[in-house]
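J.: Go ahead and model the full structure; you've got the sequences and the hints to work with.
Protein chains in written order, with our numbering: chain P, 1 to 286; chain X, 287 to 543; chain Z, 544 to 840.
If you're looking for bench data, these hints aren't it; they were derived computationally from the structure.
Careful, some of the hints might be misleading.
[Claimed, not checked] Negatives, chain Z to chain P, calculated, CB over 12 Å:
no., residue
1, Gln548
2, Gln549
3, Val598
4, Gly608
5, Ala611
6, Val659
7, Val710
8, Arg715
9, Pro736
10, Ile740
11, Ala758
12, Asn761
13, Trp785
[As the list claims (entries may be wrong)] Each pair of labels, with its calculated beta carbon distance range:
no., chain 1, residue 1, chain 2, residue 2, range
14, P, Asp269, Z, Ile824, 36 to 46 Å
15, P, Asn192, Z, Lys706, 58 to 68 Å
16, P, Met232, Z, His803, 42 to 52 Å
17, X, Trp407, P, Tyr4, 31 to 41 Å
18, P, Trp242, Z, Ile802, 33 to 43 Å
The beta carbon of each residue, even a glycine, is placed where N, CA and C say it ideally should be.
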Amino acid sequence: MSGYWAGIMAILCFNIVVAYSVFLPAASGQLNLGAAGFVAIGAYSSGYISTDLGAPMLLAILLGALVTGFVAFVISFPILRTRGVYMVLATFAFAEVVQGVFINLEVFGAAAGYPVAAFADLNVIVPLTIGVVVFVFFLMTTRLGLSMRAVHDDEPVATLFGVHARFTQVTAFTLGGVVAGIGGAIWAHNFNYVEIQNFNILLSIFVLLYVLIGGTQTAFGPLIGAVFFTLMPEALRVSEEWRFVIFGILIILMMVVRPEGLVTRTMLDRIKGPFIRRKPAPVVDS
Amino acid sequence: MPDSVLSFQNVSKNFSGLRVIDEVTFDVERGSRTALIGPNGAGKTTVFNLISGVYPIDQGQVLLDGDDISTLPVRQRINRGISRSFQNIRLMPHLSAVENVMLGQHSHSRSIGSLLFPLGWLPRNRWAKQAEEALAQAGLGTYPGEVVANLPYGVQKRIEVVRAMISEPKVLMLDEPAAGLNEQETEDLRLLLEQVSERGVTLLVVEHDMQFVRRLCDQVVVLNFGKKIFEGLASEVQEDQAVKEAYLGTEDVGDAA
Amino acid sequence: MLLVQQLISGLMIGGIYVMVAVAFTLTIGMLNFLNFTIPALFMLAGMVAWGLTTVGIHWAIALLGGVATATIASLIVERFTYRYMRVRYGDATEHALPLVSSLGFLIVFEHLVLIVLGSEIQRFPNPFSSADFYIGGLIIGIPQLASLVLALLIVWGLSTMLKRSRVGRALRSIAENPDASTLMGVNVNFIVPVVFIITGLMAGIAGMLFTLNYAAVNAYMGDEVAAKAIAGMVIGGLGNIWGAIAGGLIVGVTEVLAIHFFGADIVKIPIWGLLLVLLIIRPSGLFGHTAIGKGKF
Chain P
1 MSGYWAGIMA ILCFNIVVAY SVFLPAASGQ LNLGAAGFVA IGAYSSGYIS TDLGAPMLLA
61 ILLGALVTGF VAFVISFPIL RTRGVYMVLA TFAFAEVVQG VFINLEVFGA AAGYPVAAFA
121 DLNVIVPLTI GVVVFVFFLM TTRLGLSMRA VHDDEPVATL FGVHARFTQV TAFTLGGVVA
181 GIGGAIWAHN FNYVEIQNFN ILLSIFVLLY VLIGGTQTAF GPLIGAVFFT LMPEALRVSE
241 EWRFVIFGIL IILMMVVRPE GLVTRTMLDR IKGPFIRRKP APVVDS
Chain X
287 MPDSVLSFQN VSKNFSGLRV IDEVTFDVER GSRTALIGPN GAGKTTVFNL ISGVYPIDQG
347 QVLLDGDDIS TLPVRQRINR GISRSFQNIR LMPHLSAVEN VMLGQHSHSR SIGSLLFPLG
407 WLPRNRWAKQ AEEALAQAGL GTYPGEVVAN LPYGVQKRIE VVRAMISEPK VLMLDEPAAG
467 LNEQETEDLR LLLEQVSERG VTLLVVEHDM QFVRRLCDQV VVLNFGKKIF EGLASEVQED
527 QAVKEAYLGT EDVGDAA
Chain Z
544 MLLVQQLISG LMIGGIYVMV AVAFTLTIGM LNFLNFTIPA LFMLAGMVAW GLTTVGIHWA
604 IALLGGVATA TIASLIVERF TYRYMRVRYG DATEHALPLV SSLGFLIVFE HLVLIVLGSE
664 IQRFPNPFSS ADFYIGGLII GIPQLASLVL ALLIVWGLST MLKRSRVGRA LRSIAENPDA
724 STLMGVNVNF IVPVVFIITG LMAGIAGMLF TLNYAAVNAY MGDEVAAKAI AGMVIGGLGN
784 IWGAIAGGLI VGVTEVLAIH FFGADIVKIP IWGLLLVLLI IRPSGLFGHT AIGKGKF
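T.: In structure tokens form, the structure reads like this:
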């Protein structure tokens, strides 16, 4: 594989992983505009563990993810008190605080950036990414996944069937943090250099867009969204700026044509319908 | 003294100074099929909301099996065996019929293990099987995998009933289950509810269709302007003077029942 | 004395934050919609004005052209965001739809400007280069002073308009209960564009004042200002116009003082940290009574 494609592949994996980190809270009805903050925590912590503490890279990635998950768990309690616009703003503010902290931490090179020694090639990144995707798909089929989607659709009614809404949302947010940490670790060990400037509001915005455009109803959404918006610009042989313009126009049109996202439950039904139409259960005469 | 599974004791509720439930006391007998009726705005749905904990009560007690549940959070009340449906359909629009029904099973699966049980990956697991059978029993066997937002109103209405009854609660509260159903569907619903009742589930039903109430229910509680004006056997309600007056001008209970 | 000087310049830049914060708070209060195109509208006003001066148009006309462009752009946004939101039913994340569209517009506007006008910082001809005056040793720039006064006057006029006029009453009834106001004969399809026109005008005029004050423009000029304005809006409480005024001025003064005492990098933590705390423990803002937009997008 040429270096060019390897680079795209690595970015694609990063985008997919981070998209899933935003998807998990979004699937339970929480919008997170602070992905960049969690990714930064994952990148710096795993980089520090592998470089300064000398841990093996895979262990460092795992620990970085756990550190990020822990931060997400702690911050989820105050953050989940907010809703809607307030939550969008609160997660955004959180990411700004994280950025402010890292840019002043001398141990991480402050504004100059932090070099990471160990290198993760595609042999590490791709399996990690596949692992995250499979995990989220699995999660969405469990009763916890069902609770998440129920809370997303109608929180008060979900509560009236015994769903612990707060537990469900905290879990989704924390798992989102773990996944974001994996994304940050991938970044740190693939580029071998962590600069806080890379984890800015634009990253948070783009990742949220992948998820909302892909669709929050099924686990296919973020995958399709991230793949489409990562590869589409590469396919267009135009300047960087025009790619962004086309990206923006696509977002606007998508919201007009498919406001619930590219992949919806109804669409999956239609695709599945003719092939695997499930045999209806026998109708019991009453 | 009859064995009451659910009991309202001197309960009052105010909304911004307006008393919508006024010192109401009634008992729901274990295993009974009790109807809660009254003109529009009498406070029937509010009673459901007070029992399930959507609103806190201002005064009085709600007893379930003799325990005061009126200070418990919603989830604990549900886990003690209360289940309900809604006047306006409140299904999860993006879940399929069978997933909505599986949500109704939630109160039976609270351990971490059951939370991580892959409902969707094991095609005929016991939860899915139970949900599909319940749907089939309600005559909805053709819809299990379809997203409910795309289903017709009458079907959604019945899925709501199935979702509420799947957990086999002590008290099943149904808010106008027959509204919007045609005659055949209403009759099927009644037969379904009788089966549920025979399994020992107590029914508490808010309904405007008096014929449905008369055929299904044995006990009746009548509310008017937040006050209880009648409590007793279904066969006696149409003879009651206060009930007749409450319905005068809106709906003639004697004629309808 | 230096401190007083800093306070004064904080108030001056605060005037610009006030206008942008009012634009944000108005769309949230009226339409429950966090409009991310506002930084782009702000930037459009400045950049288009600069573009017009390069083809020989007088600076004053160029500035008006910039504001007009921002307003028209805002109407285009309305066509594709809020109008679609109104016809959808739905749950929490579906209401994010206009927010997503507005992010799309932000990207489109910024990059179109980059393509047409470039990414460099451009000098805008400064018509009042030496129009400062001194009061007891304090330097007060006339354009800065004028823009603060103008900003406050416009916001005052706007809030009077919202209280008194028929359009204002219709707008407030939509904010309180969109369904009921439709029933009561308020034409939503006519009245909603009014919000977007006001948004475009506020952001555009703020961009114009910024251009005049700093005599420099670039394609990213809206982003920082918008972040500060959002901070001001949060301080004042979402949907609260008078809160946005106070909040915008507070942010302006705090920013100048904090940079003066601590330096630019470290101030980010306390400012955004305080905002985070405020959003969580007091979502109605420092003075708040309104909490419009809570629970919805």
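J.: Now look at each hint and say whether the structure bears it out.
T.: Do the hints match the structure? See the list:
1. For glutamine 548 of chain Z, the shortest C-beta to C-beta distance to chain P comes to about 27 Å, beyond the 12 Å cut-off, and the non-interface label holds.
2. Distance to chain P confirms glutamine 549 of chain Z as a non-interface residue, since its nearest Cβ pair spans about 22 Å, more than 12 Å.
3. A cut-off of 12 Å between C-beta atoms confirms that valine 598 of chain Z is not in contact with chain P; the least separation is 21 Å.
4. Residue-level check passed: glycine 608 of chain Z sits 22 Å from the nearest beta carbon of chain P, beyond 12 Å.
5. With a least CB separation of 22 Å from chain P, alanine 611 of chain Z remains clear of the 12 Å interface cut-off, as annotated.
6. The Cβ of valine 659 of chain Z sits about 10 Å from the closest Cβ of chain P, inside the 12 Å cut-off, so the non-interface label is violated.
7. For valine 710 of chain Z, the non-interface assignment is confirmed: its Cβ lies about 24 Å from the closest Cβ of chain P, beyond the 12 Å cut-off.
8. Under the 12 Å C-beta cut-off, the non-interface status given to arginine 715 of chain Z relative to chain P holds; the minimum distance is some 19 Å.
9. The beta carbon of proline 736 of chain Z sits about 17 Å from the closest Cβ of chain P, which is more than 12 Å, so the claim that it is off the interface holds.
10. The beta carbon of isoleucine 740 of chain Z is kept farther than 12 Å from every beta carbon of chain P, the shortest such distance being approximately 20 Å.
11. In this structure alanine 758 of chain Z is separated from chain P by more than 12 Å, as the shortest Cβ-Cβ distance comes to about 26 Å.
12. For asparagine 761 of chain Z, the requirement that its beta carbon stay farther than 12 Å from each beta carbon of chain P is met, with the minimum near 14 Å.
13. Even its closest Cβ contact with chain P, about 19 Å, leaves tryptophan 785 of chain Z beyond 12 Å, as expected for a residue assigned away from the interface.
14. Look at aspartate 269 of chain P against isoleucine 824 of chain Z: about 44 Å separates their beta carbons, and that is inside 36 to 46 Å.
15. The given range of 58 to 68 Å is respected by asparagine 192 of chain P and lysine 706 of chain Z, whose C-beta atoms sit roughly 59 Å from each other.
16. Take methionine 232 of chain P and histidine 803 of chain Z: their Cβ atoms lie about 46 Å apart, and the range 42 to 52 Å holds.
17. Checking the proposed 31 to 41 Å range against tryptophan 407 of chain X and tyrosine 4 of chain P shows it holds: the Cβ atoms sit about 38 Å from each other.
18. Distance hint check: the CB atoms of tryptophan 242 of chain P and isoleucine 802 of chain Z are about 37 Å apart, consistent with the given range 33 to 43 Å.
In summary, the one numbered hint that this structure violates is 6.
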